[in-house]
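Student: Model the full structure from these sequences, guided by the hints.
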Amino acid sequence: MGEPKALSKHQRQHRIALLLSDVRVTSQAHLAELLTGDGIDVNPSTVSRDLDELGAVKVRIPGGDAAYVIPELPRDQLAPVDHLRRVLGEWVVEVARSGELVVLATPPGCAHVVGSALDRSGLAGVLGTVAGDDTLLVIAAEDPGGAAVAGSIAELAGLEGGGSRPGPTVNPTGFIAPTGRR
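Residue numbers (UniProt numbering): 1 to 182.
It should be emphasised that the hints constitute simulated quantities derived from the structure, not laboratory data. Certain hints may be false.
Computed Cβ-Cβ distance ranges for the label pairs, DEER-style [unchecked claim]:
#, residue 1, residue 2, range
1, A147, A29, 47 to 53 Å
2, E53, P107, 28 to 34 Å
3, A66, P107, 44 to 50 Å
4, T46, L101, 35 to 41 Å
5, V130, H83, 18 to 24 Å
We put the beta carbon where it would ideally sit given N, CA and C, even for glycine.
Tutor: Below, the structure written as structure tokens:
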């Protein structure tokens with residue numbers, strides 16, 4: 001099988017979250033065994049700490065056994081779309097697209113905040129993001145496509161269709177900007 005993989009904490013925790021969603025993991029030893037089977041070297045304290053940091057809890061499953069799960073957001077927290085609408089409305093100042101690539105302009109130092117919110121939102125059609133200082137590249141899936149993703153983001157940001165900001169104007173660079181801008 002080769003050498004064990006040296007993953008970062010975030011990579012390892014991402015893999016653990018995927019395992020918990022796909023496999024009935026009944027104990028920390030079982031999880032360590034699954035990770036080792038994937039070539040990921042872990043020890044019991046690392047597994048315990050990762051489960052704790054991920055917020056994993058044991059729940060009863062049919063048959064009386066217990067398995068680890070990562071609970072969804074508590075009902076009293078903002079729903080992902082509400083959180084996304086707030087972040088986009090606060091930080092996105094322009095939206096442009098070219099094919100399946102959508103470019104968002106933000107104030108300096110804010111692109112990573114918007115990228116993180118988009119990555120965690122599960123917005124349909126968003127494959128991933130790459131953040132700079134004041135620019136965010138959003139890669140859209142072919143279906144629904146860049147135009148649909150750009151439209152959804154602009155609408156959530158209040159740059160299109162009324163919202164909390166004036167309607168859009170399109171400038172020569174192709175950016176959708178609030179009325180009166182550029």
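Student: Taking 47 to 53 Å as the stated bounds, is the beta-carbon spacing between A147 and A29 within them?
Tutor: holds, 50 Å
Student: With respect to the beta-carbon atoms only, verify the hint that T46 and L101 lie 35 to 41 Å apart.
Tutor: holds, 38 Å
Student: Taking the beta carbons of V130 and H83, is their distance inside 18 to 24 Å?
Tutor: Distance hint for V130, H83 holds at roughly 21 Å.
Student: Do the beta carbons of E53 and P107 sit within 28 to 34 Å of each other?
Tutor: Given about 31 Å between the Cβ atoms, the range holds.
Student: Given the hint of 44 to 50 Å, check if A66 and P107 actually sit that far apart at their C-beta atoms.
Tutor: Hint holds: Cβ distance 47 Å, inside 44 to 50 Å.
Consistency note: the structure conflicts with none of the earlier hints.
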